[in-house]
Amino acid sequence: MAYLSGKTAIVTGAAQGLGQAFAERLAAEGAAVAICDIQPGVMAVGSAIAATGADVLCQTFDITDVSACRSFVAATTARFGRLDILVNNAAVWRSTPVTDPWDKALADFDAVMDVNVKAAMVMCRLAVPHMIAAGGGDIVNISTDYVLPKRRDGVNAPDTDLYNASKWALNGLTDGGAQALAPHNIRMNSLCMGPTDTEMLRALFRPGGKLAHLGGPDGPPPEVIAGFMDPADIAGLLIDLMKDGRTGENIGIWAGQTIELGPRKRWDVRMRERADFTGQPLRDFGPPPWSDAPEPVWSLAVGQPTE
Amino acid sequence: MARLQGQVALVTGAAVGLGRGYAEALARAGCDVVLCDIRPEVVDTAAALRRHGVRAEGYVADVANPEDVRRVVDGVLTGFGRIDILIANAGTWRGGGAKDDLDKSLKDYEVLIGTNLKGVYLFGRAVIPVMLAQGGGQIINIATDHVHTHPGRPTAGGSGMDLYDISKWGVLGLTLTWAKALADHHIRVNSFSMGATDSHMLRGFHNNAPSPEEEARWMKPEAVCDLAMQLIAEGPAGRTGENIGVWVGFEIELKPVPAAKPEPAAA
Ligand SMILES: NC(=O)c1ccc[n+]([C@@H]2O[C@H](COP(=O)([O-])OP(=O)(O)OC[C@H]3O[C@@H](n4cnc5c(N)ncnc54)[C@H](O)[C@@H]3O)[C@@H](O)[C@H]2O)c1
Ligand SMILES: NC(=O)c1ccc[n+]([C@@H]2O[C@H](COP(=O)([O-])OP(=O)(O)OC[C@H]3O[C@@H](n4cnc5c(N)ncnc54)[C@H](O)[C@@H]3O)[C@@H](O)[C@H]2O)c1
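If you read the protein sequences in the order shown, they are chains A and B. With this note's numbering, the residue at position 31 of the first sequence is 791, and numbering never jumps. With this note's numbering, the residue at position 193 of the second sequence is 377, and numbering never jumps.
Read the hints as simulated data drawn from the structure, not as lab findings. No experiment lies behind these values; they were computed from the predicted model shown. Heads up, some of the hints might be wrong.
Cβ-to-Cβ under 10 Å is the rule here; a few derived chain A residues that face chain B [claimed, not checked]: (1) 926; (2) 933; (3) 1005.
Not close to chain B: a few residues of chain A, all C-beta gaps over 12 Å, as computed [unchecked claim]: (4) 762; (5) 814; (6) 864; (7) 895.
Beta carbons are placed, not taken as given, at the ideal position from N, Cα and C, and that holds for glycine.
From just these sequences and the hints, can you work out the full model?
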């Protein structure tokens, strides 16, 4: 019997990229999957997964629409009878330099926070009662290595304060949730990955993107793509994480390194790790030593082993 | 020790509690101060600071409301012409957690993320252009020790306040990003991550009847406010991008700026 047969998983933002990879892998492990995205392309992703013989429920809606989230979770549990796994993956990335005009600054706050933080919270709240009823579950929040950097210079790009803040904020969801839900056998972790080959990342290298000077009309050149991680490998780690059973952790996944869970960390070790990093004085951050780029490439550890 | 004459500071959530303490310490150092708060008594709090011989103004304003934020910042510019120091302190607390009903959580989200995170964001975004034009400034964003715990304290806020913690982790993300974005412009951005400090909020938390032992444990607001003054006194060359832990049972002090971590060796 497959590892997840009889289980039900929700993946948000599954029309492409990491969300699609998570959904495909969960289905391959035997789970019934309920997937959603604001892009109608999610329906084709769902059909392709269904063609492999998996049970799939698919809806197109905006994850910031709370009542749509309610109906989606209700439809999922009505159809499959239970809910065991939630992957909060849907997110938006926006360039938000601090010098932006006031009106843009206002619009950006809601646009980024509502998807990246509020919707994740909403989906958790909706999922938890079903997981408690099912006797346990797994919630995985998709964060970024910005909040768990392997290298000092790869973090917190200076022109995306809201994206960064939204992912830091997920620490609170994971920390608090893991503790509150442990007695119910529900685990909550964050996957904190570096550059992964998805549309979100490729778009940055196209004309108008912030890394356009490193790319061309088709996006990043092959040697840059070669440094990206494969979404399928990250999806593999998601399965490892659930099998492992740990909770309350930020799992670091860094380009150029083995994609693995690493040893379990105690609560206090995990907290120290974050604190030690955030205590680092800023002026010791230099530009990435390997970069020939005209400006610092803040978030791209492209293919560079860091240890 | 009036070292800040000619400077203008803006402190949010300054009617009572720690915010009032920061404003008081700044005024004592000769700094002109502008206070804002949703509590109407902020006007009286400000008036009382004039005894230090500084200009002081109080605004009744909700930090989560963009129009209020603009009104305050534009008002400071009209009245004082500059903003050298911003202490984004306004904050609020409510309990709750992963097992809460969604409707309750949506209300809590509005209040907690609105005040604690959006409020910091809005004031930062309104003040940063002013500081850029002036050629420098200092920002202190107030977080909590849940995002920077002291050794031996293993958990964050525990199981019953994920939304509060979300808001404060978000504040840290803003601090780190702004510090990096503004390092070349002589604008320093740091966070305070403190534990239990005697304040209006903390007393309310204990139903305004803390046990004497409990009360004795708390840090004194004066000590925390003095630490903020030390941070400010470092001046334009001081530390930036640091999340400063201020912990019960530990020395309340600015640690020396740690040396750079060695570059990890290439594999
Ligand atoms: N690709 C990377 O390098 C990388 C690195 C670190 C973290 N991440 C994170 O991984 C996750 C997946 O990102 P990705 O790289 O696959 O990006 P992506 O843009 O390819 O996919 C994100 C998906 O979320 C969907 N989405 C966005 N807003 C939505 C909304 N309002 N309602 C419903 N769906 C919505 C999008 O339509 C898209 O299909 C995100 O949380 C992202 O922040 C990605
Ligand atoms: N006291 C502690 O133990 C402690 C510990 C960690 C962090 N903090 C943080 O320190 C800051 C100050 O807290 P405090 O303990 O002095 O609390 P407090 O409640 O005594 O003071 C907070 C002030 O902010 C004001 N305020 C609340 N919401 C506002 C809004 N929307 N707009 C404008 N003003 C608003 C309140 O009216 C009050 O005057 C907060 O950010 C809090 O989260 C306090």
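Hint numbers not upheld by this structure, sorted from lowest to highest: Structure breaks hints 3, 6.
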